[in-house]
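As they're listed, the protein sequences go chains W and A. Residues 0 to 845 (numbering that gives the first Met the number 0) are what the first sequence spells out, left to right. Residues 0 to 140 (numbering that gives the first Met the number 0) are what the second sequence spells out, left to right.
The set of hints was computed from the structure by calculation and includes no laboratory data. Be careful, since some hints might not be right.
Far from chain W, some chain A residues (derived; all Cβ distances over 10 Å) [what the hints assert, rightly or not]:
1) 23
2) 24
3) 26
4) 27
5) 29
6) 31
7) 54
8) 68
9) 79
10) 95
11) 97
12) 100
13) 103
A short, non-exhaustive set of chain W residues, derived as facing chain A with CB atoms under 10 Å [unchecked claim]:
14) 34
15) 37
16) 829
All C-beta atoms, glycine included, are put in the ideal place defined by N, C-alpha and C.
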Amino acid sequence: MTLLDRLLTLLRRLRRSATAPPSPGPEELHRQFIARSRSFRDLLTANANTLAAMAELETALRDGRTLSMTFIRARCTLVTVNVFKIIHHLNRMADGRYSELERAFSRLHRQIETILDGRRKPATGALILDLRQVGRAQADLTGEKMANLGEAGSIEGIRVPPGFVLTTAATGLFFQRNQLYPRINHIIQQMDIADLEDLHGKSGAIQELIRAAPMPPELETLLLDHFDRLAEARPGCRVAVRSSALGEDLGQASFAGLYHTELDVGRDTLLDACKAVLASKYTPRAISYRLAKGFRHEEIEMCIGVLTMVEATVSGICYTRSIGGRNDTLDLFCAPGTAKGIVDGTRATGHLLLERAPPHRIVRRLEAEEAIAPWLIDAEATTLAETGMRLEHHFGAPQDIEWSIDRDGRLYVLQSRPITAAALHAPVAAHPPPADDRLVLHGGVTGCGGAGCGAVCVVHGPEDMLRFPRRAVLVVRHPLPEWAPLLKRAAALVAETGSEAGHLATLSREFGLPALLALDRATELLADGDMVTVDATNRAVYRGRVEEALRRPVERTNPMDGSPLQRTLIEVLQLISPLNLTDPASPDFQAGRCRTLHDITRFCHEKSVIEMFEFGRRFRFAKGTAKRLRDTLPIEWWVVDLGGAFVPHYDLSRTDIDIADIACRPLQAIWAGMHGVPWEGPPVAGLRTMVAFLFHSALRDGLDPARTSALREKNYFLLSQKYCNLSARLGYHYAMIEAMLGDRPGDRYITFRFKGGAAGESQRVRRIELLAAVLDHFGYRIDRLGDALTARVERESEQVLLDRLKVLGYLVIHTRQLDLVMAEAGAERSYRDTFIQEIEDMLNHE
Amino acid sequence: MSDQTLQLEAVLKIHLLLVDDESEFKEVMQRHLSRMGIRLSVSECCLDALELLEAQPIDVVIMDMNMPGMDGIQCLRKVKERWPRTEVIILTGHASVKSGIEGMESGAFDYCLKPIDIQELIEKIELAAQKALINQEDDIP
Numbered sequence: 000m001t002l003l004d005r006l007l008t009l010l011r012r013l014r015r016s017a018t019a020p021p022s023p024g025p026e027e028l029h030r031q032f033i034a035r036s037r038s039f040r041d042l043l044t045a046n047a048n049t050l051a052a053m054a055e056l057e058t059a060l061r062d063g064r065t066l067s068m069t070f071i072r073a074r075c076t077l078v079t080v081n082v083f084k085i086i087h088h089l090n091r092m093a094d095g096r097y098s099e100l101e102r103a104f105s106r107l108h109r110q111i112e113t114i115l116d117g118r119r120k121p122a123t124g125a126l127i128l129d130l131r132q133v134g135r136a137q138a139d140l141t142g143e144k145m146a147n148l149g150e151a152g153s154i155e156g157i158r159v160p161p162g163f164v165l166t167t168a169a170t171g172l173f174f175q176r177n178q179l180y181p182r183i184n185h186i187i188q189q190m191d192i193a194d195l196e197d198l199h200g201k202s203g204a205i206q207e208l209i210r211a212a213p214m215p216p217e218l219e220t221l222l223l224d225h226f227d228r229l230a231e232a233r234p235g236c237r238v239a240v241r242s243s244a245l246g247e248d249l250g251q252a253s254f255a256g257l258y259h260t261e262l263d264v265g266r267d268t269l270l271d272a273c274k275a276v277l278a279s280k281y282t283p284r285a286i287s288y289r290l291a292k293g294f295r296h297e298e299i300e301m302c303i304g305v306l307t308m309v310e311a312t313v314s315g316i317c318y319t320r321s322i323g324g325r326n327d328t329l330d331l332f333c334a335p336g337t338a339k340g341i342v343d344g345t346r347a348t349g350h351l352l353l354e355r356a357p358p359h360r361i362v363r364r365l366e367a368e369e370a371i372a373p374w375l376i377d378a379e380a381t382t383l384a385e386t387g388m389r390l391e392h393h394f395g396a397p398q399d400i401e402w403s404i405d406r407d408g409r410l411y412v413l414q415s416r417p418i419t420a421a422a423l424h425a426p427v428a429a430h431p432p433p434a435d436d437r438l439v440l441h442g443g444v445t446g447c448g449g450a451g452c453g454a455v456c457v458v459h460g461p462e463d464m465l466r467f468p469r470r471a472v473l474v475v476r477h478p479l480p481e482w483a484p485l486l487k488r489a490a491a492l493v494a495e496t497g498s499e500a501g502h503l504a505t506l507s508r509e510f511g512l513p514a515l516l517a518l519d520r521a522t523e524l525l526a527d528g529d530m531v532t533v534d535a536t537n538r539a540v541y542r543g544r545v546e547e548a549l550r551r552p553v554e555r556t557n558p559m560d561g562s563p564l565q566r567t568l569i570e571v572l573q574l575i576s577p578l579n580l581t582d583p584a585s586p587d588f589q590a591g592r593c594r595t596l597h598d599i600t601r602f603c604h605e606k607s608v609i610e611m612f613e614f615g616r617r618f619r620f621a622k623g624t625a626k627r628l629r630d631t632l633p634i635e636w637w638v639v640d641l642g643g644a645f646v647p648h649y650d651l652s653r654t655d656i657d658i659a660d661i662a663c664r665p666l667q668a669i670w671a672g673m674h675g676v677p678w679e680g681p682p683v684a685g686l687r688t689m690v691a692f693l694f695h696s697a698l699r700d701g702l703d704p705a706r707t708s709a710l711r712e713k714n715y716f717l718l719s720q721k722y723c724n725l726s727a728r729l730g731y732h733y734a735m736i737e738a739m740l741g742d743r744p745g746d747r748y749i750t751f752r753f754k755g756g757a758a759g760e761s762q763r764v765r766r767i768e769l770l771a772a773v774l775d776h777f778g779y780r781i782d783r784l785g786d787a788l789t790a791r792v793e794r795e796s797e798q799v800l801l802d803r804l805k806v807l808g809y810l811v812i813h814t815r816q817l818d819l820v821m822a823e824a825g826a827e828r829s830y831r832d833t834f835i836q837e838i839e840d841m842l843n844h845e
Numbered sequence: 000m001s002d003q004t005l006q007l008e009a010v011l012k013i014h015l016l017l018v019d020d021e022s023e024f025k026e027v028m029q030r031h032l033s034r035m036g037i038r039l040s041v042s043e044c045c046l047d048a049l050e051l052l053e054a055q056p057i058d059v060v061i062m063d064m065n066m067p068g069m070d071g072i073q074c075l076r077k078v079k080e081r082w083p084r085t086e087v088i089i090l091t092g093h094a095s096v097k098s099g100i101e102g103m104e105s106g107a108f109d110y111c112l113k114p115i116d117i118q119e120l121i122e123k124i125e126l127a128a129q130k131a132l133i134n135q136e137d138d139i140p
């Protein structure tokens, strides 16, 4: 604050004191009290709404549900609007004394807005680029796939097919010229994503829209010119038209096989093939994958790679680090002809394991049964391994490489991209399957480990997808990428063909869905409706529910990990949810120290409670002054009536009050909990603990055991008929209970905060663990930070909330000084069991 | 007297105006509110709403942000400028932090997101009605 500011404040104060009446009359005081109570009530409602919306955002981040921008934006808006209201109401209660908060708030909501509105700039640049001009630096224009391929082609000794790329500038022009995005958005906004039939219908309509749109003439000319140039070098050449999307190869999301690739395309069908690739951005599987992984459709900009066809004799996939879990080997999957059969899982596949280190010795070779001669000779395998390691070295991470060898034995790299994180966590079989009569099928390869149980649903075609029930076991002949929309709702996947290298296997690993592939006769032996357990790790399918298999822990992956929407959510939550102001007694508990919206919320709540108390003190308002609540426990309780908290016949001139004269239902419940089970006094602590306690007390101001005031502090209840706020410093810890039992669901909640203690850090944390365990048992939602705990429950019926308040009453009394006997690890467990038992007895008894 | 009875009494004393161009929503609201005995007027756009306000006292306005003609924030500002004691609840199908804050800063009573549970909206109306009546008593905005 500058000197000028200070002078101005002083002047304002002087003017206020000169103009304001020295002491308002009783009627005016009453009016002010009612107005403050109203603001206080509105502040509490906004506070509850803020915390509820924050909790929804945090839960969404943790539980891996499908995120949408609409959801994130709506919840962020609710949080911000409610924090605005909180500040507004506090300032009304405090005659504008907290206007400093508005600065912090304004900064935060602007930052949140910027994050939510963050958009990629529209692409500008060449419409078409020759693959030889393309490298990683052009990724924003060509998509990662083509950028990587161009880059690979620039490495000495690595051959890529000649070709060119239609850039984002070109595809953007196509979409813009035909006004496609507004029309697509219109269809998508009306789509019910949970309804697969609707998804298929709308997807078809969007794809039709794209296929029917004309290619801008200047683009058409350029495309055909570039094709002609390829044909000059190789007369009669055919091309492969493939997708290359921006944001596709982000490492965490594979987008494996989601988009269309058209092979053997000539000049006459080139334009249609390009449009077919663009349309494949809206296939049902691509739409549902984006939703599941948190991508906005406008965010995925599609480019197109046009590559000369390689007349392949053998093709395949190379993972430069084995997805089987070994660190020293690489995988080669191969099949005759093109690689399509491998990635869509329809082809029998050979598998070679080679050492990553030169000379790349072959460790293992598994040929498919129908192979008469090896599909890949040793020398070719070694060359492939060398090429793979060179690419890994160049790109700096293990690569997933698609390759072909032509008739002349020339090796072409068709794609090279980082292996997704999920692919590297492939499972290792650990337990041999129990040989019992429940075993239906055994064998195959593990696509993704784990076990799942559910009713079988055999899917042959798209029409079967529509009747696929939630949590069913998906059984298919081939693991085609078309089945991708079902992965999120399935309990496990079983396919008769396929390998670990297939697209659906990659996707199942991303979703953490147990998948067992190449399991012969699965569609024949497993019938619709059969209840089965699929133990993908141990390659077995059992009849019924097999608990032994299901009990083995499986690491569930969060499919949203690394997605742009998740990043957006994490970024905004950084400004919303961390709580830095935990201790109201700390000098840091100031408006100027609020760094998040949660800080502002916490600060305002604390100050609003104080404002209500202070009002009585400042204006000596007779009705607002505290009454001592008579108790048998040696603790001082004081109550302040905000309206309707005392029974009508209570004599207001008295200085004390009995619990029978209190009309506040939440307080009565807390009181019942406090007195339901007799407290046996503070626990007996060992000598060492007592010494530590005295030492600790000496270090902390206000905790000196010689000063009786610290232990005999007044504890205040702020009450109305339906509201109760207790701020208590019970011995050495701070506890706050706030309960509102309003008529609207949004006005029914309990918040409990607990912090501190006299013992050392580890013991205090142990007491917090004890509290958390008991509160969790009784249905509270817990947030912990060091030795501070916040527990909340909301929107329950009045009866449920009253019972939960009794739990708090019990805990506030029975955990006093308990931290002193928490020295032994495991002490909290025995207390927890006793507490839960006693509380349950108390609740049942009533 | 409990809060609930106070609010229900409040809502029966007020005149409510619904400004929205979405006919289905308007019909549902009209049915619910008239069943509760609430006096209700409706209009399609901001200009119509301003004319209605000019012609008779209105206590609470529910206004959609996205309507033809004048945008919701401008309309809200006009209403609060001319009739500061009238409480305005904003409804929107396109939530944004920016419009939420602009709305609150321009004096909106609340900012709600569509789709909204009809019961929840009625509760908001009750609170706004209570506030509108207090505004009249206190003669303050």
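Hint check:
Every C-beta of chain W lies more than 10 Å from that of residue 23 of chain A, the closest at about 14 Å, which supports listing it as non-interface. Separation of residue 24 of chain A from chain W is adequate, the least Cβ-Cβ distance of about 16 Å exceeding the 10 Å criterion. Even its closest Cβ contact with chain W, about 20 Å, leaves residue 26 of chain A beyond 10 Å, as expected for a residue assigned away from the interface. Once the 10 Å rule is applied to beta carbons, residue 27 of chain A is consistent with being away from chain W; the minimum gap is 19 Å.
Non-interface call for residue 29 of chain A relative to chain W: holds, since the shortest CB-CB distance, roughly 23 Å, exceeds 10 Å. Annotated as non-interface, residue 31 of chain A keeps its C-beta farther than 10 Å from every C-beta of chain W; the closest such distance is 17 Å. Against the 10 Å criterion, residue 54 of chain A stays outside the reach of chain W, whose nearest CB is about 31 Å from its own CB. Look at residue 68 of chain A: its CB is around 21 Å from the nearest CB on chain W, clear of 10 Å, so calling it non-interface holds up.
Consistency note on residue 79 of chain A: stated as away from chain W, and its beta-carbon is indeed over 10 Å from all of that chain's, at 15 Å minimum. Distance to chain W contradicts residue 95 of chain A as a non-interface residue, since its nearest Cβ pair spans about 6 Å, not more than 10 Å. The beta carbon of residue 97 of chain A is not kept farther than 10 Å from every beta carbon of chain W, the shortest such distance being approximately 5 Å. A Cβ of chain W approaches the Cβ of residue 100 of chain A within 10 Å, the least distance being about 6 Å, so the stated non-interface status is violated.
Not every CB of chain W is more than 10 Å from the CB of residue 103 of chain A (nearest about 5 Å), against its label as outside the interface. A hinted interface residue such as residue 34 of chain W counts as satisfied when its beta carbon comes closer than 10 Å to some beta carbon of chain A; here the least separation is about 8 Å, so the hint holds. With its C-beta approaching chain A no nearer than about 8 Å, residue 37 of chain W sits inside the 10 Å limit, and its interface hint holds. About 45 Å separates the beta-carbon of residue 829 of chain W from the nearest beta-carbon of chain A, more than 10 Å, and the hint is not met.
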